[in-house]
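Chains A and B, in that order, are what the protein sequence lines are.
Heads up: the first sequence begins at 1 in the working numbering, then just goes up one per residue.
Heads up: the second sequence begins at 1001 in the working numbering, then just goes up one per residue.
These aren't lab readings, by the way, just hints derived from the structure by calculation.
Yeah, the Cβ is synthetic: ideal placement off N, Cα and C, and Gly gets one too.
Check before you lean on any hint, since a few could be wrong.
Unchecked claim - Which chain B residues face chain A? A few, computed with CB under 8 Å, are given here:
| no. | residue |
| --- | --- |
| 1 | G1062 |
| 2 | Y1063 |
| 3 | V1069 |
| 4 | F1072 |
| 5 | A1073 |
| 6 | G1092 |
What the hints assert, rightly or not - Chain B residues, not near chain A, derived (Cβ > 12 Å throughout):
| no. | residue |
| --- | --- |
| 7 | H1075 |
| 8 | P1080 |
| 9 | G1094 |
As the list claims (entries may be wrong) - Ranges between beta-carbon positions, derived for each pair:
| no. | chain 1 | residue 1 | chain 2 | residue 2 | range |
| --- | --- | --- | --- | --- | --- |
| 10 | B | P1080 | A | F72 | 43 to 51 Å |
| 11 | A | D33 | B | L1081 | 19 to 27 Å |
| 12 | A | T45 | B | S1042 | 15 to 23 Å |
| 13 | A | A41 | B | L1065 | 14 to 22 Å |
| 14 | B | K1007 | A | D33 | 34 to 42 Å |
| 15 | B | S1042 | A | A41 | 36 to 44 Å |
| 16 | B | E1077 | A | W7 | 27 to 35 Å |
| 17 | A | L71 | B | A1030 | 28 to 36 Å |
| 18 | B | H1075 | A | A41 | 30 to 38 Å |
| 19 | A | L58 | B | H1075 | 42 to 50 Å |
| 20 | B | F1039 | A | L71 | 13 to 21 Å |
| 21 | A | G32 | B | L1084 | 18 to 26 Å |
| 22 | A | D78 | B | P1080 | 20 to 28 Å |
| 23 | A | A36 | B | S1079 | 28 to 36 Å |
For reference, the chains in residue letters:
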Amino acid sequence: MKSAYTWGGILVIVFASVVGDILLARAMKQVGDVHALWRRAGLWTVVARILGNSNFLLGVGAMAVAFFSLLFALSWGDVSLVAPAAASLTFIGNAFAAKIFLHEKVDRRRWIAAVLVAAGVALLAG
Amino acid sequence: MLSHGMKQAGNISLHHLQGVILAVLNPWVAVGIVLLLAFFASYMNALSWADLTYVLPATSLGYVLLALVAKFALHEEVSPLRWLGIALISGGVGFVAGGPALTSHDHTPPPSREEREKDGATTEEVVSGGVQR
Chain A
1 MKSAYTWGGI LVIVFASVVG DILLARAMKQ VGDVHALWRR AGLWTVVARI
51 LGNSNFLLGV GAMAVAFFSL LFALSWGDVS LVAPAAASLT FIGNAFAAKI
101 FLHEKVDRRR WIAAVLVAAG VALLAG
Chain B
1001 MLSHGMKQAG NISLHHLQGV ILAVLNPWVA VGIVLLLAFF ASYMNALSWA
1051 DLTYVLPATS LGYVLLALVA KFALHEEVSP LRWLGIALIS GGVGFVAGGP
1101 ALTSHDHTPP PSREEREKDG ATTEEVVSGG VQR
């Protein structure tokens, strides 16, 4: 039963992290190249445009949910399982979500990179 | 830095939340928070001009850096399995870094030679493969 709670927590962390990353990436694409905007309109315009973007605010909210889910999951399961499993699955989930929702061209090179990094993180954090 | 600072700050209980404010005043914790904010700002900056599937693997180099700091600065033991993890992450980042950073959604054909010359590029630049921006 404890194992079910732990894996449920891991899935919530992964889901919230992926949603947060996708929303933040979409927000920053809507804002545009920050460096060019900074040079053209100044730092405060950049800050105002980012903070005024609803996707950015929702993304930060999703990241907060992921963080608190991590705390809950750590209270149910071992850190040596929760941390690497959540980090690795987030990499794979992000590759799928970026292809579907951001229409990024996730070619073979990027799939291999996602799988290698996910495996590497699992080994390092485990 | 956060870990080091929180160890100095001591235990914080739910009944004494003012301990959190005192912890923030700890220089290690304060510098850790500033560095985390710098990471977030850099991450947002990178996402403004590159794909998520390009930026995310690149940020995982932080795990590698952490392991190397643990080995050479803190003299911790890094197991062969962890060295394998470092190799896999480095390989993955190498794979993604070799490709384009941003997916092009622009389906308009590239400008003709006449249009590019009109835009200010000299004939020599057009012949030699284009203007480097």
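Against the structure, the hints come out as follows:
Checking G1062 (chain B) against chain A by beta carbon gives a least distance of about 10 Å; that is not within 8 Å, so the hint is violated. Taken as an interface hint, Y1063 (chain B) checks out: its beta carbon lies about 5 Å from the nearest beta carbon of chain A, inside 8 Å. Because the closest C-beta pair between V1069 (chain B) and chain A is about 13 Å apart, greater than 8 Å, the hint is violated. Using the Cβ-Cβ criterion of 8 Å, the hint placing F1072 (chain B) at the interface with chain A is not satisfied: the shortest such distance is roughly 16 Å.
The criterion of a C-beta within 8 Å of any C-beta in chain A is not met by A1073 (chain B), whose closest approach is roughly 17 Å, and the hint is violated. Interface restraint check: G1092 (chain B) against chain A, minimum CB-CB distance 3 Å, threshold 8 Å, status holds. At roughly 18 Å from the closest C-beta of chain A, the C-beta of H1075 (chain B) stays outside 12 Å, upholding its exclusion from the interface. P1080 (chain B), annotated as away from the interface, has a beta carbon of chain A within 12 Å; the closest lies near 10 Å.
Non-interface status of G1094 (chain B) relative to chain A is broken: a Cβ of that chain comes within 12 Å, the nearest being about 8 Å off. Evaluation of the 43 to 51 Å hint for P1080 (chain B) and F72 (chain A) yields a failure: the beta carbon distance comes to about 33 Å. A C-beta distance of roughly 40 Å is found between D33 (chain A) and L1081 (chain B), which places it outside the suggested range of 19 to 27 Å. The given range of 15 to 23 Å is respected by T45 (chain A) and S1042 (chain B), whose C-beta atoms sit roughly 19 Å from each other.
The given range of 14 to 22 Å is broken by A41 (chain A) and L1065 (chain B), whose C-beta atoms sit roughly 34 Å from each other. Separation of K1007 (chain B) from D33 (chain A) is about 41 Å and conforms to the stated range, judged on CB atoms against 34 to 42 Å. One distance hint, 36 to 44 Å for the beta-carbon pair S1042 (chain B) and A41 (chain A), is violated here, with the actual separation near 20 Å. Checked against the hint of 27 to 35 Å, the C-beta distance between E1077 (chain B) and W7 (chain A) comes to roughly 30 Å, which is consistent with it.
The beta-carbon spacing between L71 (chain A) and A1030 (chain B), approximately 22 Å, falls outside the hinted interval of 28 to 36 Å. Distance hint check for H1075 (chain B) and A41 (chain A): the Cβ-Cβ separation is about 48 Å, which falls outside the suggested range of 30 to 38 Å. Hint check: L58 (chain A) to H1075 (chain B), Cβ distance near 44 Å, so the stated range 42 to 50 Å holds. Look at F1039 (chain B) against L71 (chain A): about 20 Å separates their beta carbons, and that is inside 13 to 21 Å.
The beta-carbon spacing between G32 (chain A) and L1084 (chain B), approximately 40 Å, falls outside the hinted interval of 18 to 26 Å. For the hinted restraint 20 to 28 Å between D78 (chain A) and P1080 (chain B), the CB-CB distance of approximately 22 Å keeps it satisfied. The supplied range of 28 to 36 Å is broken by A36 (chain A) and S1079 (chain B), whose beta-carbon atoms lie about 45 Å from each other.
Hint check: violations occur at hints 1, 3, 4, 5, 8, 9, 10, 11, 13, 15, 17, 18, 21 and 23; the rest are consistent with the structure.
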